[in-house]
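S.K.: Sequence:
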Amino acid sequence: MFKLIAFKAIDDPERCQKFIDGHRQVLESIGVKKVTSANDSWTENPDVIVVIVESDEDGLIYGGARIHKANDRFPLPMVEAIEDLDESIKEVISKDLDAGTGEICGLWNSRKITGMGIGAIFMSKACLALTPKLGLSSLYALFAPTTVKLGLEMGYEILTQVGNNGTFYYPKLDLIATAMKLHDAVGLPRMADDIRSSIFEIRDNQRLIIQENYRGRDVTLEYTSYIE
1 MFKLIAFKAI DDPERCQKFI DGHRQVLESI GVKKVTSAND SWTENPDVIV VIVESDEDGL
61 IYGGARIHKA NDRFPLPMVE AIEDLDESIK EVISKDLDAG TGEICGLWNS RKITGMGIGA
121 IFMSKACLAL TPKLGLSSLY ALFAPTTVKL GLEMGYEILT QVGNNGTFYY PKLDLIATAM
181 KLHDAVGLPR MADDIRSSIF EIRDNQRLII QENYRGRDVT LEYTSYIE
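Numbering-wise, my numbering puts 225 at position 225 of the sequence shown, and it's gapless, one number per residue.
I should point out that these hints are in silico values taken from the structure, not numbers from a laboratory.
Mixed in with the good hints there might be a few duds.
Calculated cross-link-like contacts (lysine-lysine; reagent style DSS-like; alpha-carbon spacing at most 27 Å) [to be verified]:
1) K95 x K8
2) K133 x K8
3) K18 x K8
4) K90 x K112
5) K95 x K133
6) K95 x K18
7) K69 x K3
8) K8 x K90
The calculated label-pair distances, taken between Cβ atoms and stated as ranges, are [stated by the list, open to error]:
9) D56 x G31: 31 to 37 Å
10) G59 x D86: 39 to 45 Å
11) D174 x P132: 35 to 41 Å
Treat the numbers as computed from the prediction; the structure is a model and nothing was measured.
For each residue, glycine too, the CB sits at the ideal point set by N, CA and C.
Turn these sequences into a full structure, and let the hints steer you where they fit.
M.R.: Right, here's the structure in full:
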């Protein structure tokens, strides 16, 4: 069985390193050798939560994502990624600091679990389940062209006031990233009812067996949260 696990980055350096290695391999497979926002300083950030898909057979990590809560010491990865292209991103995000904001980033998954129906939506839902505990009223994210549709389904809206109507050439000139914002990361009013209800179920449980049919495939994940 595959496990869906949420933990603070500073609490588990070994899993963080596995996350870094797996993410790097996925990026390199699409020709991306260096990503500005993919540096490893987040492993020392007390406001970073990591969500992973881990196999209980070999202990390897086959996918993951991170939640960064904005703080004074560490800029959000989105700011690091695109401030040289449009510095107004800092001002946009700064307006949400007092209310509590952050970013979902570093989302990746291997072909092995994608073929089993374990897509990005499961890691995204696990991240959104944690927003009340983390004090996050809103969230930002950069989406690849293949995941913009998922972002819209999850209730995100395109940040048309930055870049070229929200888009940037990132992480390299032949790839496009779209900046998006989830305005209500707690109530999730713009989300489809079935997705929202499954997120609320995860919120209510530190441990849970998730059983869903996703795109015609039956998916079973053992969810564990170490976030108090």
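S.K.: Now, for every hint given, state plainly whether the structure supports it.
M.R.: Structure-based check of all given hints:
1. Taken as a hint, the K95 and K8 pair is honoured in the structure, with Cα atoms around 26 Å apart against an allowance of 27 Å.
2. A C-alpha spacing of about 12 Å is found between K133 and K8, which places the hinted pair at or below 27 Å, so the restraint holds.
3. At roughly 14 Å between alpha-carbon atoms, K18 and K8 fall within 27 Å of each other, so this suggested pair holds.
4. With a CA separation close to 37 Å, the supplied pair K90 and K112 exceeds the 27 Å bound.
5. Between K95 and K133, the direct Cα distance comes to roughly 21 Å. Compliance with the 27 Å bound is thereby established for this hinted pair.
6. Between K95 and K18 the alpha-carbon distance is near 34 Å, which puts this suggested pair outside the 27 Å criterion.
7. For the hint linking K69 to K3, the alpha-carbon distance of about 24 Å falls within 27 Å, and the restraint holds.
8. For the suggested pair K8 and K90, the alpha carbons sit about 25 Å apart, so the restraint of at most 27 Å is met.
9. The hint said 31 to 37 Å for the Cβ distance between D56 and G31, and at roughly 32 Å that hint holds.
10. Taken as a hint, the range 39 to 45 Å holds for the pair G59 and D86, whose Cβ atoms sit roughly 41 Å apart.
11. At about 39 Å, the CB distance of D174 to P132 agrees with the hint of 35 to 41 Å.
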